[in-house]
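Protein chains in written order, with full-length UniProt numbering: chain A, 1 to 101; chain B, 1 to 137.
Since the hints were made in silico from the structure, they are not lab data. In this text, all values refer to a predicted model and were calculated from it rather than measured experimentally. Heads up, a few of these hints could be off.
[Said to hold, decoys possible] Looking from chain B toward chain A, a few residues come up when the C-beta cut is under 10 Å (computed):
no.: 1; residue: THR35
no.: 2; residue: ALA38
no.: 3; residue: GLY75
no.: 4; residue: ARG76
no.: 5; residue: LEU82
no.: 6; residue: LEU83
no.: 7; residue: LEU88
no.: 8; residue: LEU97
no.: 9; residue: THR110
[As the list claims (entries may be wrong)] DSSO-like mimics (lysine-lysine), calculated; alpha carbons at most 30 Å apart, straight line:
no.: 10; chain 1: B; residue 1: LYS39; chain 2: A; residue 2: LYS83
no.: 11; chain 1: A; residue 1: LYS96; chain 2: A; residue 2: LYS45
no.: 12; chain 1: A; residue 1: LYS84; chain 2: A; residue 2: LYS96
no.: 13; chain 1: B; residue 1: LYS39; chain 2: A; residue 2: LYS84
no.: 14; chain 1: A; residue 1: LYS45; chain 2: A; residue 2: LYS83
[As the list claims (entries may be wrong)] Distance ranges between label pairs, derived from CB positions:
no.: 15; chain 1: B; residue 1: SER116; chain 2: A; residue 2: ARG30; range: 24 to 30 Å
no.: 16; chain 1: A; residue 1: ILE87; chain 2: B; residue 2: ALA38; range: 40 to 46 Å
no.: 17; chain 1: B; residue 1: ALA78; chain 2: A; residue 2: TYR29; range: 18 to 24 Å
The C-beta atom is built at its ideal place from N, Cα and C for all residues, glycine as well.
The primary structure of each chain is shown beneath.
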Amino acid sequence: FMKGSPAQPLCGFSNAVVQILRLHGVEDYRAHDVLQDPDLRQGIKNYSNWPTIPQVYLNGEFVGGCDILLQMHQNGDLVEELKKLGIRSALLDAEKDQEKK
Amino acid sequence: SPNSPLSCSPSPMRGPLLAAAGGAMGGAGGPLARTIRAKLTAALQPTHLEVRDDSSRHGGPPGAETHFGVLVVSGRFAGLPLLQRHRLVHEALRAELAGPLHALQVIARTPQQWQSDPRAPPAPPCLGGSKRERHRG
């Protein structure tokens, strides 16, 4: 749940989420632009009891916002969470390429 | 560039959280900043606290007090996953988040974590407009 779309984020924090996911090769996800729908914008905050946008959900479970995703990206947790969902992070392949050099 | 995480700032704080803000403020000083500082101090007894007014980086005038970043170092976070830590911070600022506080960046560390790594990632650049967006579809 973000502001704007993955192709055209309208907020720096939403864009950061899109970029992080892209780094991991994750581009096939549902994105909901809360700017298009004020009820959605408030509703998703009520649902997760989280006051801000963007909100990242993995397999229906609320993970957090931009800050949390960034920290998960930096400490390797995101690769692990993606793995649990059967998604192989592109960064693992990038690391393999690095090791070959 | 004001968005550079390496910008040198005369700020007395160690973390680049404030340096990334361009160094204009050595800790935000407006009324909302003071409220945020007071509430986080009361709720979490932080050993280290930085409060940054990012509003000017999101199209608002300097000191607009709509977008903030906070770095909270507190023993209260021990054993808690990031989500729970952030929820504690949000809880302390519930009234503000329902009101004037439009966006809140949160870094929540335990004292041990802060000691071993006294750095914080810079805020993502604002996208209000266009600028240096490389991946724009």
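Would you mind confirming whether the straight-line C-alpha gap from LYS39 of chain B to LYS84 of chain A stays at or under 30 Å?
The given pair, whose Cα atoms are some 38 Å apart, is violated under the 30 Å limit.
Straight-line Cα separation of LYS96 of chain A and LYS45 of chain A no greater than 30 Å?
Distance of about 39 Å is beyond 30 Å: violated.
Decide if the proposed pair is consistent with the structure: LYS39 of chain B and LYS83 of chain A, CA atoms, cutoff 30 Å inclusive.
Not OK: LYS39 of chain B and LYS83 of chain A at ~39 Å, beyond 30 Å, violated.
Does the beta carbon distance between ILE87 of chain A and ALA38 of chain B stay inside 40 to 46 Å, or does it fall outside?
Given about 43 Å between the Cβ atoms, the range holds.
Please verify whether LYS84 of chain A and LYS96 of chain A have alpha carbons no more than 30 Å apart.
With a Cα-Cα distance of about 20 Å, the restraint between LYS84 of chain A and LYS96 of chain A holds, given a limit of 30 Å.
When the least beta-carbon distance from ALA38 of chain B to chain A is tested against 10 Å, hint result:
Given a least distance of 19 Å, the restraint on ALA38 of chain B is violated.
Does THR110 of chain B hold up as a contact with chain A if the rule is Cβ-Cβ below 10 Å?
Violated, because the Cβ-Cβ distance from THR110 of chain B to chain A comes to roughly 13 Å (cut-off 10 Å).
Agreement of LYS45 of chain A and LYS83 of chain A with the hint, judged by alpha carbon distance not exceeding 30 Å
27 Å, holds
Do the numbers back the hint for LEU88 of chain B, that is, is its least Cβ distance to chain A under 10 Å?
12 Å, violated
Are GLY75 of chain B and chain A close enough, Cβ to Cβ, to be under 10 Å, as the hint says?
19 Å, violated
Interface hint compliance - ARG76 of chain B to chain A, C-beta minimum distance less than 10 Å
17 Å, violated
Does LEU97 of chain B meet its interface restraint, that is, does its C-beta lie within less than 10 Å of any C-beta in chain A?
4 Å, holds
Hint check: violations occur at hints 1, 2, 3, 4, 7, 9, 10, 11, 13, 15, 17; the rest are consistent with the structure.
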